[in-house]
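**Q** In the order they appear, the protein sequences are chains A and B.
Counting with our numbering, you get residues 46 to 480 for the letters of the first sequence.
Counting with our numbering, you get residues 6 to 229 for the letters of the second sequence.
Not close to chain A: a few residues of chain B, all C-beta gaps over 12 Å, as computed:
hint, residue
1, L120
2, V133
3, L141
4, H181
5, A208
Calculated pairs, EDC-like style, for lysine to aspartate or glutamate (alpha carbon to alpha carbon, straight line, at most 20 Å):
hint, chain 1, residue 1, chain 2, residue 2
6, A, K378, A, D349
7, B, K178, A, D358
8, B, K176, A, D379
9, A, K428, A, E411
Stretch by stretch, here's where chain A covers chain B in the computed footprint (C-beta under 8 Å, at least three residues):
hint, region
10, 14-23
11, 108-116
12, 171-178
Hints are computed from structural coordinates only; laboratory data are not their basis.
Quick reminder that beta carbons are idealized off the backbone N, C-alpha and C, glycines included.
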Amino acid sequence: MTRPLWQIAAIRIVFFGLIAALAQMALVVADYYFNDEELGRLLIEQQVDQLGEGQVTNGSATRYALPDEMADLFAPGRGYFARVRTVDGTILFSACDAACEDHFLSRTVRPPDFWVRFIQPGKPLHVAGGGTVERDGQVLMVEFATVGDSEGLIWGVFWHEVLDHLVVPMSLLLLFAVGGAIVSIIAALRPVEAAAQAADNLDPLEVGEGLPTGTMPREISRLTGAVNRAFKRSGDLIRGQRMLTSAIAHEVRTPLAIIKLELSGIDSPKARKAEADVDELSDFVAQLTALARLEAINERQFQDTNLAQLCEDVVSAVAPWVLARGDTIAFEKDVEAMVLIIPSLIRDACRNLIENAVRHSPPGTEITVRVTGGPIISIIDRKRQADASMRPSDSLGIGLAIVERVLTLHGARLVQHRNATGMVASIHFNSEIPT
Amino acid sequence: MRILLIEDNARLRDLTGQTLRDAGWLVDAFELGEDGYEALRQVPYDIAILDLGLPDIDGLDVLRRIRKQRMQVPVLVLTARGAVDERIDGLDAGADDYLAKPFNNGELIARIRALLRRSPQAVMPELVVGNVVLPLSGEPVRCGDEIFDLAPRERGLLEMLMRQADQVVPKRKIEHSFSEFGDERSANAVELSVSRLRKRLEAAPTGFAIETIRGVGYLLRTIS
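Isolated chain B (complex conformation) (with noise of 0.2 Å):
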């Protein structure tokens, strides 16, 4: 995987681009936002970091023109600016996902693994979450040793939320996924199908938890 980093803060961009190097992605870090556009023009990039305040151009400039020439790189808006206003300009713009200065690195690598997982032009073979691999060919879902030959229903239900490890799924977001198996009771059958989707993997060192948020929906949390 090889990520571009726009920031214009020298010991910043250090620290972040060490940080993702730490994870095993390679990274191309630029100072200003005409070289880092530059740059993506030529290279195919799997994920964009870019920071807002750079000294040269507005970094939602430079989103807004990678969105108009349609180049389909994700990017992850990081930034000192963190009003809500301010995220909603930012995904307007054509944002992925947003992160608000100052973070942890753990959150950043979260958040990119994230992206990667819901990219359409991400080529992944599989999932990764934690300890378990899902993957994407059909073939078993994996956890260490273990293999898991999972229903239909409860191997869509695991890849949904593997896709959105960290963020809460919608309950009716699942049911309209299950309404595509033909299920005329898909309320139920979500519940059913969590149920034992945990059953499954209860036993074994997943690295996560299927938490219920009552009321709204799903939480795959990833348990470090």
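Just chain A, with the same shape it has in the complex (with noise of 0.2 Å):
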């Protein structure tokens, strides 16, 4: 399966982001960790700033309520305490019985804006502390103190330092960073996507200035020289070889017209014999050709063709040669078909198949071109009766090459079977343009 490389690069950041990200985390966890003063201070901050969500102030009355989500937490026996007072002393909560009075300031005293003491070192936690909290021009000074910390709170201060510290940052980051690189990966394949499509209609034999490299990224435009080149050097390549083809074709069939001729001036059955071997040398030579021209073929020579008139016009070309071997032609269509295909290939296959079927037949034998759904195109070979000098081949040969290489350009392939009566070779087209 393949991606948009925006997509691989988007993933790959996102997976390396998560993989830092975590990394990070375990620092931090590990950094606040070992430092348990660190680790009180922040616990002793957040559990003041959420005492201090308990206070309601109407109008210059201030009352207390404590926060639902801490109602369990000061249960006897716990070992949490709290003390929430006015700046004048009035106290508005107490969780605290008289031996963790010992652990809080004086009520005599006026606290400072934030103070932490340590009642034992280490862990778990044994810390007090308190903080002002200012609500509604309202100052309260509340009061925090565990001893062993067995709700394990230090846990919330890291998730509290993780999320503050690295997933807000960093989610920002990344998705800056993976916004920012889809974009410029977009914009930087957009030359290369035109390229694309640019090179789908590029024929080898007219490359011109070849595939766009201008606005591609460096090492892009590098790999498009190197395509246009290699597209220079198959259109030599093919330059080269049409022109030995043909120059074989020249220089071959001249003289095969020049023997032909002078045979036919020859009245011995052996000249007609000469003559025959003239034609099938003639015929394996054009062959040889049309297989060299196969290489040639490219993408807007495709066109859309009605099968059925193509095969007509097949049947009406080689009706006069079938005829004069002794054998009869029909064409039948079923439906009307219209296929992306090259015209002169699926007719160069399609008189291959029938000059085949002609030639292991013996004369009489009922050949009948048809056109179905698929759509197929069926070449059908009847004899009137059983032949056994006329064996039927399971090979074209050269010519055989040629009609598998035509339909392998088309997506289509060739069944062959045999029945009881003669031959059956079909043309089984996709209904999808080739690609």
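Got two chains here, separate frames each, mind docking them using the hints?
**A** Following this line, the structure appears as structure tokens:
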């Protein structure tokens, strides 16, 4: 499965971003975990803030109600204590027995804005502290202490720190990094997309300036330059091959024509036999040049074509030759199928199959070319009587190589099977456009 | 009939020229395209036979020049290039027919005769295929000493088949020409006319057979 580059880049950025975040998180947790003083300070800060949320101010009157989520925290025996009082010393809330009073500052003391005192060093935390909280102009003094942190409140501290200093800033960074990378990649690949479309229509024989490289990133521009050079080399190769096949065709066919004309003037059965040999040789030359020519095919030669009309034309063209060989030929169509093909090649393929059917059948064979749904072209030969001397061939030799190469170019396939009366060769097309 | 032959290979030029002379035609043969083209401008040939691979100029360029000058002479292209696309190039450039090398003399002569029959500029008083003579003046069809006074539709059908002897004439083309006779049941009428024509000619030594190519049309096939 292929993914667009921007998606691959985005996935990798997110993946490595998450790894970096996990590593960072481990560092942060370790840093805090081994720094009891900082951890204690943060715990007190957090709990003071949370306790401060219970302050309710109504005009000049201040009331206090413990926040719901802390309702069970200060149950006796759990090791958590709290006290909330006003500046003038009025206690609004207290979850503190006589023993815990030792952990907090004396009521007569006006506490500083923030204080922390470690009751006992190490973990679990034994810490007390307090701070002032101001809401709507009213100041409260909030004190909190834990002896053993039985509920593991330090994890809340860790999470709060990770969220504040890691998740939020890194998410923003990741978002902008991924977004920026996607936009950059799409913008950089836009000329590559255009070049890919241009490549589909590039004719190796008329490369011209080739694929445009102007606004591409340098690395891709180098690749495109290499593709252009490869196209030019292919074009040179095809031109050379064409020149060669054309020269072969000319150099061989003209002497063959001379031999045929000379032979036609000789009244002898040996001359007729030699003429037949010349015909076979010229067919072979034609097939060879056709096979070489197939390599120069490109996308632009494909056309929407009426398959039934094409087959009717082929039957029409070969009928005089088929009848001269003593066979008959007919055309039948069940459908008017339109397919995207190179008409000249499919015409040659059908012709090859018909010629094969005629050559490997006794005189009097009925050849039928039929176009059916699929679409499928079937070349059916029906012999009038079994003839042991005319063994049907499973192979068309070079003719089959040409037919198969032509069909491969079209994403089609050849199916051959023999029945009681003869052979059926069928060309099965896909309705899809070949790519 | 006078034929222009442009072929660069001397041996093939001599043999082809001899074949054409043996068939009773006058032949002017040239090696170079430019020389052949100049001759064509000065002499009203009935047909031109043109090789494509010429040493001085591509045969297709000669063909394009001929058509650009609005010369109506039928051109039979004779070449070593035999691929379908190349044949199409030749026909697009204005060729009337295409014969790939190697060919036999019988095929060459048959193609030339077919071209002459189809040529609008060829002044032909009659069409001749095999032993059958069809006078274009409207006189009865002859085969040896036998006279066939054919109905207009059968005569029209025979003329169409003789003009394209050894080629398949599509049935729909015949139907189309029959509809000009005002016949509503043209599909059946074609089959009926072919049947009648065969019956009229079956006993005569015509030298051809009218074959049915089922699903396509009819073929007047000469029998050598």
